[in-house]
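Sequence order for the protein chains is V and Y. Letter by letter, the first sequence follows residues 0 to 404 in numbering that gives the first Met the number 0. Letter by letter, the second sequence follows residues 0 to 404 in numbering that gives the first Met the number 0.
Derived from the structure by calculation, the hints contain no laboratory data. Each residue gets a CB set at the ideal place from its N, CA and C atoms; glycine is no exception. Do not take every clue at face value.
[Said to hold, decoys possible] With a Cα cut of at most 27 Å, we get these calculated DSSO-like pairs of lysine-lysine:
| hint | chain 1 | residue 1 | chain 2 | residue 2 |
| --- | --- | --- | --- | --- |
| 1 | Y | Lys48 | V | Lys35 |
| 2 | Y | Lys4 | V | Lys196 |
| 3 | Y | Lys276 | Y | Lys156 |
| 4 | V | Lys362 | Y | Lys103 |
| 5 | Y | Lys156 | V | Lys293 |
| 6 | V | Lys4 | Y | Lys48 |
| 7 | Y | Lys83 | Y | Lys230 |
| 8 | V | Lys35 | Y | Lys362 |
| 9 | V | Lys197 | V | Lys230 |
| 10 | Y | Lys197 | Y | Lys103 |
| 11 | V | Lys16 | V | Lys263 |
| 12 | V | Lys293 | V | Lys48 |
| 13 | Y | Lys397 | V | Lys35 |
| 14 | Y | Lys372 | V | Lys362 |
| 15 | V | Lys194 | Y | Lys103 |
| 16 | V | Lys35 | V | Lys48 |
| 17 | Y | Lys196 | Y | Lys156 |
| 18 | V | Lys83 | Y | Lys83 |
| 19 | Y | Lys230 | Y | Lys138 |
| 20 | Y | Lys372 | V | Lys35 |
[As the list claims (entries may be wrong)] To give an idea of the interface, some chain Y residues facing chain V are shown, with a C-beta separation under 8 Å as derived from the structure:
| hint | residue |
| --- | --- |
| 21 | Arg218 |
| 22 | Ile379 |
| 23 | Ala390 |
| 24 | Glu399 |
| 25 | Pro400 |
[As the list claims (entries may be wrong)] A short list of chain Y residues far from chain V (calculated; beta carbon distances all over 10 Å):
| hint | residue |
| --- | --- |
| 26 | Gly64 |
| 27 | Leu183 |
| 28 | Asp315 |
| 29 | Ser323 |
| 30 | Ser360 |
| 31 | Lys362 |
| 32 | Lys397 |
Number of protein chains: 2
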Amino acid sequence: MLDIKDFQTLTRYTDSKILMLVIDGLGGLPHLQSAKTELESANIPNLDKLTHESTTGVAIPIQHGITPGSGPGHMSLFGYNPIKYVIGRGVLEAVGSGIKLANKDIAIRGNFCTINNQGMITDRRAGRISDNNATKLIKRLSQIKIDGIDITIKHLKSHRFVLVLRGPDLNTDITPTDPLLNNLPINHANANSPKSKKTATLINKFTQLSLDILKNEPRANAIVLRGFSQKPSIPNIGHTFHLNPIGISLYPAYRGIADILGMKVTDQGEDFSDLIKVVRNNFNDFNFFYLHYKDTDSAGEDGDFDKKVFSLEKLDTFIPELQSIGFDVITIAGDHSTPSVLSSHSWHPVPILINSNIPTSDKSRHFTELECKNGDIGQIYSTDIMPITLAHANKLIKFEPNTPL
Amino acid sequence: MLDIKDFQTLTRYTDSKILMLVIDGLGGLPHLQSAKTELESANIPNLDKLTHESTTGVAIPIQHGITPGSGPGHMSLFGYNPIKYVIGRGVLEAVGSGIKLANKDIAIRGNFCTINNQGMITDRRAGRISDNNATKLIKRLSQIKIDGIDITIKHLKSHRFVLVLRGPDLNTDITPTDPLLNNLPINHANANSPKSKKTATLINKFTQLSLDILKNEPRANAIVLRGFSQKPSIPNIGHTFHLNPIGISLYPAYRGIADILGMKVTDQGEDFSDLIKVVRNNFNDFNFFYLHYKDTDSAGEDGDFDKKVFSLEKLDTFIPELQSIGFDVITIAGDHSTPSVLSSHSWHPVPILINSNIPTSDKSRHFTELECKNGDIGQIYSTDIMPITLAHANKLIKFEPNTPL
Numbered sequence: 000m001l002d003i004k005d006f007q008t009l010t011r012y013t014d015s016k017i018l019m020l021v022i023d024g025l026g027g028l029p030h031l032q033s034a035k036t037e038l039e040s041a042n043i044p045n046l047d048k049l050t051h052e053s054t055t056g057v058a059i060p061i062q063h064g065i066t067p068g069s070g071p072g073h074m075s076l077f078g079y080n081p082i083k084y085v086i087g088r089g090v091l092e093a094v095g096s097g098i099k100l101a102n103k104d105i106a107i108r109g110n111f112c113t114i115n116n117q118g119m120i121t122d123r124r125a126g127r128i129s130d131n132n133a134t135k136l137i138k139r140l141s142q143i144k145i146d147g148i149d150i151t152i153k154h155l156k157s158h159r160f161v162l163v164l165r166g167p168d169l170n171t172d173i174t175p176t177d178p179l180l181n182n183l184p185i186n187h188a189n190a191n192s193p194k195s196k197k198t199a200t201l202i203n204k205f206t207q208l209s210l211d212i213l214k215n216e217p218r219a220n221a222i223v224l225r226g227f228s229q230k231p232s233i234p235n236i237g238h239t240f241h242l243n244p245i246g247i248s249l250y251p252a253y254r255g256i257a258d259i260l261g262m263k264v265t266d267q268g269e270d271f272s273d274l275i276k277v278v279r280n281n282f283n284d285f286n287f288f289y290l291h292y293k294d295t296d297s298a299g300e301d302g303d304f305d306k307k308v309f310s311l312e313k314l315d316t317f318i319p320e321l322q323s324i325g326f327d328v329i330t331i332a333g334d335h336s337t338p339s340v341l342s343s344h345s346w347h348p349v350p351i352l353i354n355s356n357i358p359t360s361d362k363s364r365h366f367t368e369l370e371c372k373n374g375d376i377g378q379i380y381s382t383d384i385m386p387i388t389l390a391h392a393n394k395l396i397k398f399e400p401n402t403p404l
Numbered sequence: 000m001l002d003i004k005d006f007q008t009l010t011r012y013t014d015s016k017i018l019m020l021v022i023d024g025l026g027g028l029p030h031l032q033s034a035k036t037e038l039e040s041a042n043i044p045n046l047d048k049l050t051h052e053s054t055t056g057v058a059i060p061i062q063h064g065i066t067p068g069s070g071p072g073h074m075s076l077f078g079y080n081p082i083k084y085v086i087g088r089g090v091l092e093a094v095g096s097g098i099k100l101a102n103k104d105i106a107i108r109g110n111f112c113t114i115n116n117q118g119m120i121t122d123r124r125a126g127r128i129s130d131n132n133a134t135k136l137i138k139r140l141s142q143i144k145i146d147g148i149d150i151t152i153k154h155l156k157s158h159r160f161v162l163v164l165r166g167p168d169l170n171t172d173i174t175p176t177d178p179l180l181n182n183l184p185i186n187h188a189n190a191n192s193p194k195s196k197k198t199a200t201l202i203n204k205f206t207q208l209s210l211d212i213l214k215n216e217p218r219a220n221a222i223v224l225r226g227f228s229q230k231p232s233i234p235n236i237g238h239t240f241h242l243n244p245i246g247i248s249l250y251p252a253y254r255g256i257a258d259i260l261g262m263k264v265t266d267q268g269e270d271f272s273d274l275i276k277v278v279r280n281n282f283n284d285f286n287f288f289y290l291h292y293k294d295t296d297s298a299g300e301d302g303d304f305d306k307k308v309f310s311l312e313k314l315d316t317f318i319p320e321l322q323s324i325g326f327d328v329i330t331i332a333g334d335h336s337t338p339s340v341l342s343s344h345s346w347h348p349v350p351i352l353i354n355s356n357i358p359t360s361d362k363s364r365h366f367t368e369l370e371c372k373n374g375d376i377g378q379i380y381s382t383d384i385m386p387i388t389l390a391h392a393n394k395l396i397k398f399e400p401n402t403p404l
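Whole structure, please, built from the sequences with the hints as guidance.
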């Protein structure tokens, strides 16, 4: 397989413009009663019409059976081997929320959670507390001082926050305090190697000081931390593919990925129609637009089949407007499946379509898992989506090693 | 691709129970008259019903065009890269027959064969001589003594035996004496490097002494040796996937693979119904059951189409009983194809089905090569079968690097 670095000599700059619309958690599974998936149940005439005019397939995000987190799911979509190029969750959240990370900073993803008298976690998300409440609690946690360390703590959404530590001799090689399941105690951070002892001690101290501050809160009476990470060294997406890219999402984590890969990231707005305005306003200045739609994943994670169907139908109403903007290539894909029947991300293949002026024999008429599976592209790995998209945009040159352009 | 070692942090122990039924040489090719494969010709209502309720696909054992031996075919099924993790044939047979190998022992697979006056092999299997006859000959060969070397020789089935050499400075880097085809002479063992000269000399001496002992036998008047090998270093399957595994087969080689991977192996019985009793008796103590069915491969190797059809129909009658035991996930797969029309193993994709309580849109109704190919899983590598099976059993956690469980 080609490494992403090989694409620097395989791609060329052209004016052709690409939209990559990522529908988060796109793929689904059949409802137990209707035996139809969310996509099969949704009334999505515009996506179906676009499917009719496109080449389609299904994509395996990482490899068969492996359920991706948001980070690796997106890395694959952008053509990066998700096993080789890893962005830690903490870094993702920090950069996405607008924190400028220095190279040695440790970024950490935190949750407010609820613990009972015995110290057992009863809710890892503290009842998904309101932004308002969480913001006040973050202000109180911001008063924590530890000698020799700069601490930045920033609220994300609901129960989520990001913590950044800056100081000498910090190291990410420690275990998370978040057990990732309810009915377990908060873990001690343990150093996996002598050089990470200082960081583990620091994390345990911060956790203890937080408990003291939060102890009288009805729900958000504790915190759990995970995703200890530093800025990775990853090839710039624009440089690699000769693109001028912009990343557009309502959510910090996805803007974070875009930023780390070297996409332009701007102020984004409040809802998806605002994002489309950002696309339109920036249309002349960029030639690769990563546009992220989140509602499908949230509904799937909640196990709400009807809500996921509704979120697909809502997205469908925006398709004509997106088509009217004037892209040469529109790729619609998902970072992973989030079947409502599983209430979680899953390993199942995700439908894709690629629309361009290149003719296709594709017979798919509906944007569904099954029809796309039988489409022209067939079953591919998500890392193949970017090269196929670039090919449709005429940005890839012939592979003829030793005869570079 | 993830290495099998990565799965140690990607899997978790759960109580859910997996049956992996391996139908040896499962895949076939169309009969020249009927144009139907063995699976398409067989009356297998229970497997068809299970297919209807499962997700299906086809698996490439090694890579396209490559015909696997039993060892690599099975390694893939268990999730091990068969090119990286190699068990020699001799080791396989030795361990499978109950020989306890020390780390530096050389294990060798032997055949009794028939040679003519000119020393040409006329039958590499000595007319598949009876176990009774072979046992007597093995007793005579066991009298061979060579200074400084412990020699163990053990009969397997029919013309097959295993030879184990223990002593200083032994090395496997020599050529086999078995030419693998009839109408060729027995080869000299040649050292491929200076450090294997001693072993080559030893093998040639043993072969010569065997010829002297067997010279008056009507059929088994010589031996051929191959598969010179030592115990490999391979990750333990239970440790890797957080499983408590047991391997159940009537044949030593397959029990050998199970043993080397760290599965429990017990006394197994005389026929397949005995194996099912072993499954049932051990159901509470294990959560991964590798169950091996051999008759399909033997019939295919013999080029006996009808017998392979019959062996599939016989297996089919056991399916309801296997289903009644109470597994959470049943995976049915093959280590490779053995088309009767080829009378040998082949490179063709092998049908698979995975049955669990996770909904599927799969439309396959018959357990055949063609219908499974069009199933939900599509065409995969056999190494993907284990991860998909573990995912269906809820034993895999989300792939989110830097956030280990």
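Going through the numbered hints above, which ones does this structure break? Give me the numbers in ascending order. Result: hints 4, 5, 6, 15, 17, 21, 30, 31 and 32 break, sorted rising.
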